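**Q** Chains as they are written, first to last, in my numbering: chain A, 23 to 636; chain B, 596 to 1083.
Keep in mind the hints are simulated off the structure, nothing from the lab.
Wrong hints could be hidden among the right ones.
[What the hints assert, rightly or not] Subject to a maximum C-alpha distance of 25 angstroms in a straight line, what follows is the list of computed BS3-like cross-link-like pairs (lysine-lysine):
no.	chain 1	residue 1	chain 2	residue 2
1	B	K832	A	K32
2	A	K259	A	K421
3	A	K503	A	K563
4	A	K32	B	K736
5	B	K924	B	K761
6	A	K411	A	K421
7	A	K223	A	K513
8	B	K736	B	K832
9	B	K745	A	K245
10	A	K259	A	K229
11	A	K106	A	K168
12	A	K32	B	K959
13	A	K628	A	K326
14	A	K72	B	K893
15	B	K711	B	K761
16	A	K259	A	K72
17	A	K245	A	K72
18	B	K924	A	K32
19	A	K32	B	K761
20	A	K513	A	K532
21	A	K628	A	K322
22	B	K745	A	K32
23	A	K32	A	K72
[Said to hold, decoys possible] Chain B is nowhere near these chain A residues, computed Cβ spacing over 10 angstroms in every case:
no.	residue
24	E29
25	Y51
26	G118
27	P448
28	E552
29	Y608
Values in this document were obtained by computation on a predicted structure and should not be read as measured data.
All residues carry an ideal CB built from backbone N, CA and C; glycine is no exception.
Take a look at the letters that make up each chain.
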Amino acid sequence: MKDNSYESRKYILSGVILLVFITYLSQLYTLQINSDDYKSKADSNAFYKKTLYPSRGQMYDRNGELLVYNKPAYDITFIPREIKGVDTLELCNTLGISIEEFTQRMERVKNRKYNPGYSQYTEQVFMTQIPMEEFAVFQEKNFLFKGFYIRKRYIRQYNHGVAGVLFGDVGEVSQRHIDKDSYYQQGDYIGTQGLEASYEKQLRGEKGTEVLLRDAHGRIQGKYNNGTFDTPAVRGKNLTLSLDIELQMLGERLLQNKIGSIVAIEPETGEILCMVSSPSYDPALLTGRDRGKNHKELSKDKNKPLLNRAIMGTYPPGSTFKTSQAAMFLEEGVVTPQTAFPCSMGFVFNKFRLGCHAHSSPTALKEAIATSCNAYFCWGLHRMFSMSKYGGTKAAMNKWRDYMVSMGFGYTLGVDLPGEVRGMIPNAEYYTRHYGNYWRAVTVISISIGQGEVTLTPLQIANLGATIANRGRYIIPHIVKEVENDTIASKYLTPKSTMVSPSSYEEVIKGMRHAVIGGTCRAANIPGLEVCGKTGTAENKGNDHSVFLGFAPMNNPKIAVSVYVENGGFGAEYGVPIGALMIEKYLNGNLSEESEKKAESICNKKIYYGKEER
Amino acid sequence: MERKSDNIFKRVDWPTIILFAMLAIMGWLAICGSTHSYIDSGFADFFNQGERSGKQAMWMGVSLLCSLILLCIPKLTYRNLSIIVFAATMLLGILTIFIADDTKGSGSWISFGSFKIQPAEFMKSATALMLAAFIGKREFKMSNNSDFLKAVGIILLPMLIIIAQKETGSALVYLALFLVLYREGMTGIFLLTGISAIVYFVVGIKFDSTIMEKLSISIGQYAPTVIIQIISISLVKFWCKDSRTFITLLATNASFTLLSYWVAIYLVEFNIMITQYLLLAFDVIYLLLQTRLQKEKKNLWVALYIVGAIAFNYSCSYVMQNVLQPHQKIRIEVLLGLKEDLSGAGYNVHQSKIAIGSGGVFGKGFLNGTQTKLKYVPEQDTDFIFCTIGEEQGFAGSAFVLTMFVIFILRIIHLAERQDDRFGRAYGYAVASIFFLHFTINVGMVLGLVPVIGIPLPFFSYGGSSFLGFSILLFIFLRIDADRSVNK
C-alpha cells in the first residue's frame, strides 16, 4: 500500500540536507581559501625553526693584537612538558643554586607577565651563561635531568682588562630593540654600549636557521626536506681598531687614582691611538652571569666609571685653546707674527682686569704661546672685535664662532662611538640673550683663553692638536680602522679643512715648539723627538684642571695627544709629564728607564676628590 | 531460487553501489594518509596487517562478503525477522554493558581474542529495520497516540542502552530516526521545537554577558524574546493561517517593541524587558481568547509555544550553571566562542581547523600533510579523519568528498521515495537519516561548527565495526530496493 499524503516533506528534508551541505562548503571555503592565517599557523606548528647563533666579530688592535673574542657559554633550557622525575636537589647542586632560587626561576619562567612566550611545549630558558666548568659537570649528569637541554651561546672575553668604555658591552635585547629591528628575537644579544653598539650590525653576523619537524608533543622528528631550507649562521665581521693597546694600557695606568682622560690621535689619518677615561673598569666585569650585579655597582659608583669622559665630558680647555686663537688672529690679520702686546701681570681695560703670571713684556705670538700669556690673547680678541671689517661686535663674534666650528668645536665630531657630546662654542645670540644688546669684547674676553662659556671634550682638544700638526686639516677621529670584508664610513677617510691656512699654523707650531724648549712644557722635551706642546690650567669651581695638548714630531707628526686631569693643578703638574710619557711610549715603542720611574711615580699619585658625585 | 539470485545484480541500484565504492576507496586512502609516518620516506606497505590501513582493508573485504550475503536475502525475510534481530541486538547491547572492556572510558566494546567489536554499530541497522517494520504495518497510524509512542519507544530503547554504555555521542545518532517519523506524518512541531530550542540556547548563552549599548540589559536576555515574537507570529500566519489574529499581533508587537526601544534609548532609560514580557503575556492571552472564540486549536498550540519558549530560556542558564558537567560546559563555551582554551578543550578543534585551513585550494598532496602526520590533530584516523582530506587534498578534494556524500544521501532518499510500501520507504529514510546525522555531526565538528561529539564519518573513519555496520545498513536497503516490484 502506498500512502503519499506527506510526500512534499521529502523536499523539506532534502532542503535541510542541502542547507547543511552549503554551510559546510562555505566554512571549508573560509578556512582553506579565504584565510592565510591557518597556513602560517600550520607552519609554526610543524616547523621548528631552530636558531643557529653566529659568533660575534672579534676585535684586534692596530698591531694585530687580539683584544676581544668569544668564549662559549651555555644556557640551560627546559621543555616544561618533558620534565619527568628530575631530582631537584641534585640539579641545584650541579648548577650551584639553592632550592629557593630554583623555585624562583621556575616561577619567573612560568609567569606570563615576564615571559609572554611561555608554552608547555617549547624550549624555555632556565639559566643563562653557565661557564665552561659548570657546564661540563652538568653535561655529565644531563641524562639525570630529563627535559633539560643545553644551548650553546657565546660570551665576550677580553685579553687586556682595559678600554671597557670603548668596547662597551653586550646584553640581552629588550622589547624596545625587538620592536625597532625585526632581526632580533627574545633572548638574542645586542651591543648596548661602546663599539659593540656602534658596530652592532657588522659584529653580530647573521643568525642561521635549521628547519626541523616537530610533532604535537614538541619532539623533533628530524630535518625538514634534508636541510634544503636551512641557512647556516654567518659569523660576525672582525674589527681592526686603530688603538695601540700598549699605549692604552699605559694611559690607564697613568691615570690611576685620578679622574680624567687621555686621547691620542694619528694626525694624518684621524685614527685614535688611545682613548683613556679614568676611572676605568675591567670589561670582563660586564660579561657572564654577574653582569647585572656588576653593572649596577659600576653605575652607582660616584666617580662614574661607565662614563667615557673623553667624549662625554665637557671641560674648559684652558690655555690649550690659545693655539686656536693664535691661528685665527693670524688668518684674520688681527696680528702678524711680529705684533706684540704688553702684559703687566694681566689684561687691564678700564676697570676690568684679567690676571697673568710673571714673564717678560711685551710679547709677540711665539713668546705668548710659549709663556701662555693671557694678556696677549685678550688683546688679540679685543682688537679683532673692534676691527671695522666685521661691522660690529655681533658680527665679529659670529666670525669667531665660524672659525671655532671649522676646527671641530661646538658640535659633535662624529666619532664612531655612541654618546658623544658637542661641548659649547657661544655665538652672538647667546650673549645677547644674557646681556642684552650692550655687551662688548671685554664682556666675553675669557673665551680667548679657553675659559668662560667655552667647553670642549678631551677628544676635541686632541683633535685640535691633530689639526695643528696637520697644518689645518683633520679627519674625523675614529677607532675602527678596518672592518673585515667591508669598508669603513667614507667620512673617516675624507679630510676636512679649517678656515685657517697652513702658513698661520706654522707660526702656532713655532710657539708650541718654543713652549717645549723654553716655555711651560719643558718637561715634555724628549731628546730627539721634537715635541710641540701647550699647557693648560683650567679654572673651575674646585682646584684647577691640569691640561696638556701636544704632538710630535714637529715635522711629519705621528701622534697628537691631549691629557686632561681633573683638579690636577697646573698643566705642568700632571698634563705635561703624562703627555710626554704617552708620546715617548708611542714613538719609541717603550719608555726609558728614567721615564719608567717617572711613570711609576705618577701612577702612585692620588688626587682626592671628596665624596661629591661627579 | 538460482535464477532469482542471478537477477539480483541486474535489479540492484548500481549508482548507489558506485557512490559507496568511491566513498570507501577515498576513505581508505585517507586512512593511509593519516597513519603514514612522515619520517619513513620509502614505499609504505599499506596492506601490511600491522598497519591500520591493512587492518581496514581486511575489514572492508569482510564487509564486502557480508554485503553480498545480505543482497541474497529477500526483502520479506528482513521484514519478518526484524523483531527477532532487534531483540537479539538489544540483548547483546545490554550484555555489552556488563562484559565490556574499558576502552578510553567507553563501555561499548567486546573482545573476541585479538579483535574487538562494537555491538552499537549493528544496533543501528536492527533499530532501523524494526522501526520500518513497525511503521510498515497496515494498521499503523501516526496520529494514533499509542502507535506514535511505540515508534518513539523503538528509537529510545537503543539510545538508553548506548547511554548506559557511556557512549552518549553514538546515542545521539538515533535522534536522526525522528526524521523518518516526520516523513511518515509526525507533526512538524517537534522539529520546530527542537530547532528553536537550539537557537534559544545558543543565543541565550552566547550573548548572556554582552550588554546592549545604552541599555543595561544583555542581548542574551533581550534577543530571545524578540525571536519568540517573530516565530509565534509567523506560526499564526503560516500554520494557523489566521490573518486577523496575525495582523493584530504583528501591529501590537512591532509597534510596542520599537516604541519602547526608542523611548529607552532617546528619552527615559527604563528596563525594556518589562515591555517584552507584557507583550508576550498579551500574545498568550489574545491567542487563548481566539481559541475560545474561533474554536481553533492551533492558536492554543502557539500560546503554549510561547510559554514553553520562555520557560526554556530561563532553564537554559540554570542548566548551564548547575546541571552540565564542567567539561561539557567548557566544550559548549569554547564552541560558542566564549572561551578560548587552545590547550584544553579547544585544542582538538583548533588544530583541526589549522590542518584543514593549511590545505589551501589543492592541498599538500597525498601523504604530504604535516599537521596530521605529526599528530597535531588528535584521533586523526578516526573521528578527525576529514582533517587529512582537508590538509592533503585541499578545498578541491574536501569539497569533492562532501559533494559525493550529499549525492549519496540524496540518492538514498530518492530510492526511498520510489518504494512501493511504507516499510521500504521508512527503512530507506532511516538509512539516509543515520548517514546524514553522522555526516553532519562529524564534519561539523571537524570544521568547528558543532561541539566535539565522537562519532565516526561513515566509510572514512578507521574502525572495522563501523565500516561493517554501515555496509550492513546500506546493503539491506539495496536488497529491499531491488525487491520493490516483487512484493507488491
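**Q** Hint by hint, note whether the structure agrees.
**A** Results of checking the hints against the structure:
no. : hint            : in the structure
1   : K832/B - K32/A  : holds (23 angstroms)
2   : K259/A - K421/A : violated (45 angstroms)
3   : K503/A - K563/A : violated (39 angstroms)
4   : K32/A - K736/B  : holds (19 angstroms)
5   : K924/B - K761/B : holds (18 angstroms)
6   : K411/A - K421/A : holds (11 angstroms)
7   : K223/A - K513/A : holds (18 angstroms)
8   : K736/B - K832/B : violated (28 angstroms)
9   : K745/B - K245/A : violated (63 angstroms)
10  : K259/A - K229/A : holds (13 angstroms)
11  : K106/A - K168/A : holds (6 angstroms)
12  : K32/A - K959/B  : violated (39 angstroms)
13  : K628/A - K326/A : holds (17 angstroms)
14  : K72/A - K893/B  : violated (70 angstroms)
15  : K711/B - K761/B : holds (17 angstroms)
16  : K259/A - K72/A  : holds (23 angstroms)
17  : K245/A - K72/A  : holds (10 angstroms)
18  : K924/B - K32/A  : violated (36 angstroms)
19  : K32/A - K761/B  : violated (34 angstroms)
20  : K513/A - K532/A : violated (30 angstroms)
21  : K628/A - K322/A : holds (21 angstroms)
22  : K745/B - K32/A  : holds (23 angstroms)
23  : K32/A - K72/A   : violated (58 angstroms)
24  : E29             : violated (7 angstroms)
25  : Y51             : violated (7 angstroms)
26  : G118            : holds (34 angstroms)
27  : P448            : holds (62 angstroms)
28  : E552            : holds (76 angstroms)
29  : Y608            : holds (64 angstroms)
The structure fails hints 2, 3, 8, 9, 12, 14, 18, 19, 20, 23, 24, 25 (numbered hints given earlier, in ascending order).
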